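Asker: Here is how the chains run, residue by residue.
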Amino acid sequence: EVQLVESGGGVVRPGGSLRLSCAASGFSFGDYGMTWVRQAPGKGLEWVSTINWNGVSTGYTDSVKGRFTISRDNAKHSLYLQMDSLRVEDTAFYFCARVGYTNYGMDVWGQGTTVTVSS
Amino acid sequence: QSVLTQPPSMSAAPGQKVTISCSGSSSNIGNNYVSWYQHLPGTAPKLLIYENDKRPSRIPDRFSGSKSGTSATLGITGLQTGDEADYYCGTWDSSLNVVMFGGGTKLTVL
Chain E
793 EVQLVESGGG VVRPGGSLRL SCAASGFSFG DYGMTWVRQA PGKGLEWVST INWNGVSTGY
853 TDSVKGRFTI SRDNAKHSLY LQMDSLRVED TAFYFCARVG YTNYGMDVWG QGTTVTVSS
Chain D
323 QSVLTQPPSM SAAPGQKVTI SCSGSSSNIG NNYVSWYQHL PGTAPKLLIY ENDKRPSRIP
383 DRFSGSKSGT SATLGITGLQ TGDEADYYCG TWDSSLNVVM FGGGTKLTVL
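Line order of the protein sequences matches chains E and D. Numbering of the first sequence is given in our numbering, commencing with residue 793 and proceeding in unit increments. Numbering of the second sequence is given in our numbering, commencing with residue 323 and proceeding in unit increments.
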């Protein structure tokens, strides 16, 4: 079964850090680009970051540039999001997703993990 | 506010048809493929349409997609109560070099 499972969410103070992980199974992980997408409470889906199949190319939404770092370990079939200098507005449900189609069509999604930034 | 514009909400009766629009510009929808997603809060979003009008094999043909110029449309026929969800369009913006989603459309089947 093709599956993505996120972990690493939690409650953190403003300015703190968290590292999200996304474990992939059931497909050749190293063949696909991957993304992180979040949904803040009461808001819509927001793209956060993308990494290509070999980790050489990455992209970020403006609000997280310089604070978040996306990475991957193809040998471990895992995707990561290092989140530093967290802000209250980073509070959201974070999903990892596989880029399966042209122009970032995301065909496999995880169930998500919750990040709460609060003092 | 999203660069891709969707109606915030729509409603229709069971069995009816609904079309959800997604309006953008030449840098996103006009020159890139559009995807559509169904999302029930607390669950994983589901890809309904990719590359403007293609359906993954597990998606019933009640769902369809189209694109014309800088706008895209998701069509749902034979509405079911289980179709109540939020629907999002998504694409790449070649000028901003970002992935973008529409603001989402909350569909009510009543």
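Derived by calculation from the structure, the hints in this document are not laboratory data. These numbers come from a predicted model, not from an experiment. Among the hints, erroneous ones may be present.
Stated by the list, open to error - Below, a list of computed lysine to aspartate or glutamate pairs in the EDC-like style, where the Cα atoms sit at most 20 Å apart:
#1 K368/D / D408/D
#2 K376/D / E881/E
#3 K428/D / D405/D
#4 K428/D / E793/E
#5 K368/D / D876/E
#6 K368/D / E881/E
#7 K339/D / E406/D
#8 K835/E / D383/D
#9 K835/E / D865/E
#10 K368/D / D383/D
#11 K368/D / E406/D
#12 K857/E / E838/E
#13 K339/D / D383/D
#14 K868/E / D823/E
#15 K339/D / D375/D
#16 K339/D / D408/D
#17 K835/E / E793/E
#18 K857/E / E406/D
#19 K857/E / E793/E
#20 K368/D / D405/D
#21 K368/D / D854/E
#22 K339/D / D405/D
#23 K835/E / E406/D
#24 K835/E / D823/E
What the hints assert, rightly or not - Short derived list, chain D residues pointing at chain E, Cβ under 8 Å:
#25 P329
#26 S357
#27 I381
Positions of the beta carbon are idealized from the N, C-alpha and C atoms, including for glycine.
Asker: Look at each hint and say if it fits the structure.
Answerer: Here is what the structure says about each hint:
1. K368/D / D408/D: holds, 11 Å
2. K376/D / E881/E: Given pair K376/D, E881/E is violated - Cα atoms ~35 Å apart, limit 20 Å.
3. K428/D / D405/D: At roughly 10 Å apart (the allowed maximum being 20 Å), D405/D and K428/D satisfy the hint.
4. K428/D / E793/E: violated, 30 Å
5. K368/D / D876/E: With Cα atoms ~29 Å apart, K368/D and D876/E exceed 20 Å; violated.
6. K368/D / E881/E: violated, 25 Å
7. K339/D / E406/D: Given that 20 Å is the threshold and the Cα spacing comes to 13 Å, the pair holds.
8. K835/E / D383/D: Distance ~29 Å between K835/E and D383/D Cα, so the pair is violated.
9. K835/E / D865/E: violated, 31 Å
10. K368/D / D383/D: Judged against 20 Å, a Cα distance of about 15 Å means the pair holds.
11. K368/D / E406/D: Distance ~13 Å between K368/D and E406/D Cα, so the pair holds.
12. K857/E / E838/E: Cα-Cα ~14 Å, so holds.
13. K339/D / D383/D: Roughly 13 Å between the alpha carbons, so the hint for K339/D and D383/D holds.
14. K868/E / D823/E: holds, 13 Å
15. K339/D / D375/D: holds, 17 Å
16. K339/D / D408/D: The hint holds at about 16 Å.
17. K835/E / E793/E: violated, 30 Å
18. K857/E / E406/D: Answer violated: K857/E to E406/D is near 35 Å, above 20 Å.
19. K857/E / E793/E: Given pair K857/E, E793/E is violated - Cα atoms ~34 Å apart, limit 20 Å.
20. K368/D / D405/D: With Cα atoms ~12 Å apart, K368/D and D405/D stay inside 20 Å; holds.
21. K368/D / D854/E: Distance of about 25 Å is beyond 20 Å: violated.
22. K339/D / D405/D: holds, 11 Å
23. K835/E / E406/D: OK: K835/E and E406/D at ~17 Å, within 20 Å.
24. K835/E / D823/E: violated, 32 Å
25. P329: This hint is violated: P329/D lies away from chain E, its Cβ roughly 13 Å from the closest one there, beyond 8 Å.
26. S357: holds, 4 Å
27. I381: At about 11 Å, which exceeds the 8 Å cut-off, the nearest Cβ of chain E leaves the hint on I381/D violated.
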